[in-house]
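Asker: The hints should help you fit chain U onto chain R, whose structure is shown.
As given, the protein sequences belong to chains R and U, one line each in that order. Heads up: the first sequence runs through residues 0 to 96, numbered per numbering that gives the first Met the number 0. Heads up: the second sequence runs through residues 0 to 468, numbered per numbering that gives the first Met the number 0.
Do not rely on the hints blindly, as some may be mistaken.
[Said to hold, decoys possible] FRET-style restraints, in silico, Cβ to Cβ:
(1) R/Lys94 - U/Glu226: 24 to 30 Å
(2) R/Pro14 - U/Gly383: 49 to 55 Å
(3) R/Gly72 - U/Gly213: 47 to 53 Å
(4) R/Ala52 - U/Asp293: 45 to 51 Å
(5) U/Val64 - R/Thr84: 28 to 34 Å
In case anyone wonders, no lab produced these hints; they're calculated from the structure. From the three backbone atoms N, C-alpha and C, an ideal C-beta is built for every residue, glycine too.
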Amino acid sequence: MADFRPIAGLRRGAPIPFTFDGRALTGHQGDSIAAALLAAGFASQRVSPRDGARRGYYCGMGQCWECAVRLQGRGVLRACMEPLTEGMVLFSADKDI
Amino acid sequence: MEKPVLIIGAGPAGLACAGVLAEAGRAVVLLDENRQAGGQYHRQLAPGLDADYRRLPHDRQGFAVLAGVLVQPNVRLLTATTAWAATAPGEVGYAGPDGSGRIAASAVVLATGAQDMPLPFPGWTLPGVISAGGCLNMVKGQGMVPAGRVVVAGNGPLVLVAAATLLKAGANVVGVFEAQRSRRLLGAVWRGALAAPGILRQALAYHATLARHGVALRGGWMIAGAEGGDAFQTVTLAPVGTDGRPAMQGRRRIDADVLVTGYGLLPGAEPARLFGCAMRLDAGLNGLVPERSDRFETSLPGVYAVGDGAGIGGVRLAVAEGRLAAFAILGRTPPPAELVAWRRLDGFRRALNLAYRCDPPLLAATPDTVICRCEALRLSELAGHPRLQAGSLNVVKTATRLGMGRCQGRNCLPAAAQLLGLSPEDIASRPRMRPPLRPIPLCQIAGDKDARPVREPDEPILQHRNEPT
Chain R
0 MADFRPIAGL RRGAPIPFTF DGRALTGHQG DSIAAALLAA GFASQRVSPR DGARRGYYCG
60 MGQCWECAVR LQGRGVLRAC MEPLTEGMVL FSADKDI
Chain U
0 MEKPVLIIGA GPAGLACAGV LAEAGRAVVL LDENRQAGGQ YHRQLAPGLD ADYRRLPHDR
60 QGFAVLAGVL VQPNVRLLTA TTAWAATAPG EVGYAGPDGS GRIAASAVVL ATGAQDMPLP
120 FPGWTLPGVI SAGGCLNMVK GQGMVPAGRV VVAGNGPLVL VAAATLLKAG ANVVGVFEAQ
180 RSRRLLGAVW RGALAAPGIL RQALAYHATL ARHGVALRGG WMIAGAEGGD AFQTVTLAPV
240 GTDGRPAMQG RRRIDADVLV TGYGLLPGAE PARLFGCAMR LDAGLNGLVP ERSDRFETSL
300 PGVYAVGDGA GIGGVRLAVA EGRLAAFAIL GRTPPPAELV AWRRLDGFRR ALNLAYRCDP
360 PLLAATPDTV ICRCEALRLS ELAGHPRLQA GSLNVVKTAT RLGMGRCQGR NCLPAAAQLL
420 GLSPEDIASR PRMRPPLRPI PLCQIAGDKD ARPVREPDEP ILQHRNEPT
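For reference, chain R alone in the conformation it holds in the complex (with noise of 0.2 Å):
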C-alpha cells in the first residue's frame, strides 16, 4: 500500500470532512489536497483518458498534474498545490484531462 502516514511528533490541524468520488473521508486542516487522499489511503487519483492505466501523486510540485482532481465548483486543479478545505467535494479528473 503507498499510502503515507503523518511523522512521529507532527501535530496536525483540526479534522475536517470532505468527499472524493462520494466516499465521506477526514482530512485535516494543513493537509494539502494530496496529502489528504495519500493519508487516507488512495495512492491513485485518477485514471488516464487514454490507456485507462491508474495515475497518482508523482512530481509533488505541480509540474506534472497526475494528482489532478476536479473540485466541484472550481474545476480541474492540481491536489499538490491546493489546500484541503472544510466540505471539499472532490472527484478524480479522469475525463477532463
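Answerer: Relative to chain R, chain U alone:
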C-alpha cells in the same frame, strides 16, 4: 514612481536577491506559484501544522535569514500566482486567485528553480512511484512519509538527500541505489572539501544517517522496471551496463510500497525561453540554460537569471547568485568576498554535475514504456513514427501529440529527445515556449485587468533556421 524589480520565484535565489534590493530601498515584487515562499529547498510546513523539528530536514535558521525580507514595506509577495506571459519588454503577465494583470518592471529576475529529470522505465507511471522532489515535499510541506517500505533509486545528490531525509523522519527505507559508481564521485568530493566544506559536511551527515540505520547506498545500480496492479509493488534493479542500459545479469527484485526516483535535476529554464533569452546547453550546469554575462544578465538587457533555473548548483550557490544579481541591478560593485565565494561554488557544482553525469546516458525505457505521461504515448509509437526522420522534436510533437498535455512537455521532452536520438544540442528543433507558461484557468486570463494583445518573442535561434515540416 520608480518601477519595481520583478522576481519570478520566491525560493532561495529570489529571496536573497530581494533582500539586497529591499535594503537598498528598491521596490520589489516577488511572484511564486506556491502558497508560501521558500521554494523546494526551504519548503515550510503548511499553515496549521507544527512538528518536532528534530525529525525534519528544515534549515529554519537559514530560512529565517532569507524570509526576513518579506516583512519589508517595499516588498510584495504574490503567492499561488503564475507568471504566464512575457507581455512586453520588461513586462510580465501574472494570474492568481487574488487577481490577474501585468507588471511593468525596471528589471526582471528569473529565479525559477529546478525540475526533476524524467527517466522513463517500465512501470514508472504506477501510483506509488514518486519523484524524489515530490517525496521531499511531502516530508517538508506536509510532515508525512510513506507508511510502508521505500526504495530510493536514481542518479545525483538528491538520491542521498531523499534517503537520509526519509530515514530521519522515521520511514522504512529498504534500499538505496545510485547509478553512478562511487569512485567517479571521489574527485568532486575532494574539490568540495576546498570549495564548500559546509556542503561536504552535510553530505557526510547524510551518509552517517544511512549508516546509523544500517542502510547501504549502492553505486552502479539503476531501475530496470517497476511492477504492480493498481499500484506499485515490486522494483527490479540492475547493474548499469556499459551501454547505459540495465544489465541482464545480476538483477535483483525488491518488494516495497513506494518507489522514490530521482535521475537528476534540470534547470527550469522555460521562463527564459519564453522571454526570448539566448540559450545554450552546458553539461556542467545540467542542461539548457540562458546565456549570462558576469553580471548574471541574460542576452536581454534588464532580464537576469539566477539559481538552479540558470544551472543546477544548490541552495548556497542560489543565494550567492541572487545577491550578486541584486548588486548588478543596483549598479554597485559586489563585495569581493562574495564574488570569490561564488567562483568557488560554481567550480564545485560543475565538477559535481559532471561527476554524476552518466556516459553513455542512462536508458531504461523499453518499446512498451510510456514516454509521454499525459498522452500515454509509448516509445514504440514514437520511434516508429514516419515523421521522426525529420529529426525535429517539434515535428514529432505535432505528429503524435508528444508533450501536448497539461505538463506541457516538462515530463517527456528531455527524455524523448534522448530516446529518439534527436540532438539535444539542436534547440531550434524543440517546440517553442508559448504563453501560458503553465495551464491557468480561463477565468484568470479573462480577469486580466491590464489585458492587451500578447507579444510572442521569437527565440533568437529560430530566426536562422528553416524547420523541416
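Asker: If a hint holds in the structure, say so; if it doesn't, say that too.
Answerer: Consistency of the hints with the structure:
1. R/Lys94 - U/Glu226: 24 to 30 Å: holds, 27 Å
2. R/Pro14 - U/Gly383: 49 to 55 Å: holds, 52 Å
3. R/Gly72 - U/Gly213: 47 to 53 Å: Given range 47 to 53 Å: holds, Cβ gap about 50 Å.
4. R/Ala52 - U/Asp293: 45 to 51 Å: holds, 49 Å
5. U/Val64 - R/Thr84: 28 to 34 Å: About 32 Å separates the Cβ atoms of U/Val64 and R/Thr84, which means 28 to 34 Å holds.
Against the hints set out earlier in the document, no violation occurs for any number.
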